[in-house]
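Novice: Listed here are the chains, written in short residue letters.
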Amino acid sequence: NAGVTQTPKFRILKIGQSMTLQCTQDMNHNYMYWYRQDPGMGLKLIYYSVGAGITDKGEVPNGYNVSRSTTEDFPLRLELAAPSQTSVYFCASKQQGDTEAFFGQGTRLTVV
Amino acid sequence: QQQVKQSPQSLIVQKGGISIINCAYENTAFDYFPWYQQFPGKGPALLIAIRPDVSEKKEGRFTISFNKSAKQFSLHIMDSQPGDSATYFCAARTGGYQKVTFGTGTKLQVIP
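Chains as they are written, first to last, in the numbering used here: chain B, 1 to 112; chain G, 113 to 224.
In short, the hints are calculated from the structure, not lab data.
Since the structure is predicted, the reported quantities are computational estimates derived from the model, not experimental observations.
Positions of the beta carbon are idealized from the N, C-alpha and C atoms, including for glycine.
Here are the simulated lysine-lysine pairs, PhoX-like style, with alpha carbons at most 25 Å apart:
| hint | chain 1 | residue 1 | chain 2 | residue 2 |
| --- | --- | --- | --- | --- |
| 1 | G | K219 | G | K170 |
| 2 | B | K44 | G | K183 |
| 3 | G | K219 | G | K117 |
| 4 | G | K154 | B | K44 |
| 5 | B | K9 | G | K219 |
| 6 | G | K117 | B | K57 |
| 7 | B | K44 | G | K211 |
| 8 | G | K219 | G | K154 |
| 9 | G | K154 | G | K211 |
| 10 | G | K219 | B | K44 |
Covered stretches of chain B (chain G as the covering partner; in silico rule of three or more C-beta atoms under 8 Å from a C-beta of chain G):
| hint | segment |
| --- | --- |
| 11 | 30-40 |
| 12 | 44-57 |
My request is simple: use the sequences and hints to build the entire structure.
Specialist: Written as structure tokens, this is what we have:
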């Protein structure tokens with residue numbers, strides 16, 4: 001059972017480039033989330049989804065886009081990379097209720 | 113605006129001592145309060161969680177104390193061990209869309 005899988009693990013982007021961070025879960029969870037983690041700032045919610053076809057903004061959505069065409073996949077798109085998007089990105093999924101959110105291993109992104 | 117405030121930012125405890133991490137929240141819509149543990153290079157993982165109608169929950173060496181009227185909760189790690197050295201995040205969830213808001217994290221170091 002793979003859980004939540006994120007790719008790539010590391011990436012260096014140049015300013016203005018675009019990329020997609022992939023996230024896949026095999027637990028049939030309805031709820032999926034993207035967080036970014038910056039030193040001393042905890043995890044900030046970027047976008048979340050309550051099911052296929054339904055997404056909504058979190059605390060820090062600017063500069064990002066998401067889609068949820070299937071239950072399993074929740075990709076995060078950066079259109080015009082900026083140095084402020086240098087961070088570690090985590091994808092997570094969970095079931096409804098008092099259940100654990102399972103996190104992927106993270107993607108470390110550097111924008112130069 | 114930080115919806116979940118966490119302190120201290122870092123903590124050094126001797127082996128066998130008690131580690132205490134505190135959190136406070138404002139949003140009364142939060143209905144579930146998990147704590148996550150994160151080791152370097154890994155995603156956060158659920159440690160223990162509590163609902164606001166319970167004042168205390170204990171699992172092994174880990175105890176959550178919850179004060180609903182003060183809107184505060186804390187994590188106590190008894191008999192702290194070097195293997196407990198990690199970053200700890202308190203969190204709070206709103207029920208409807210299962211959004212989880214994290215504190216800023218506490219880096220715990222347990223020294224032998």
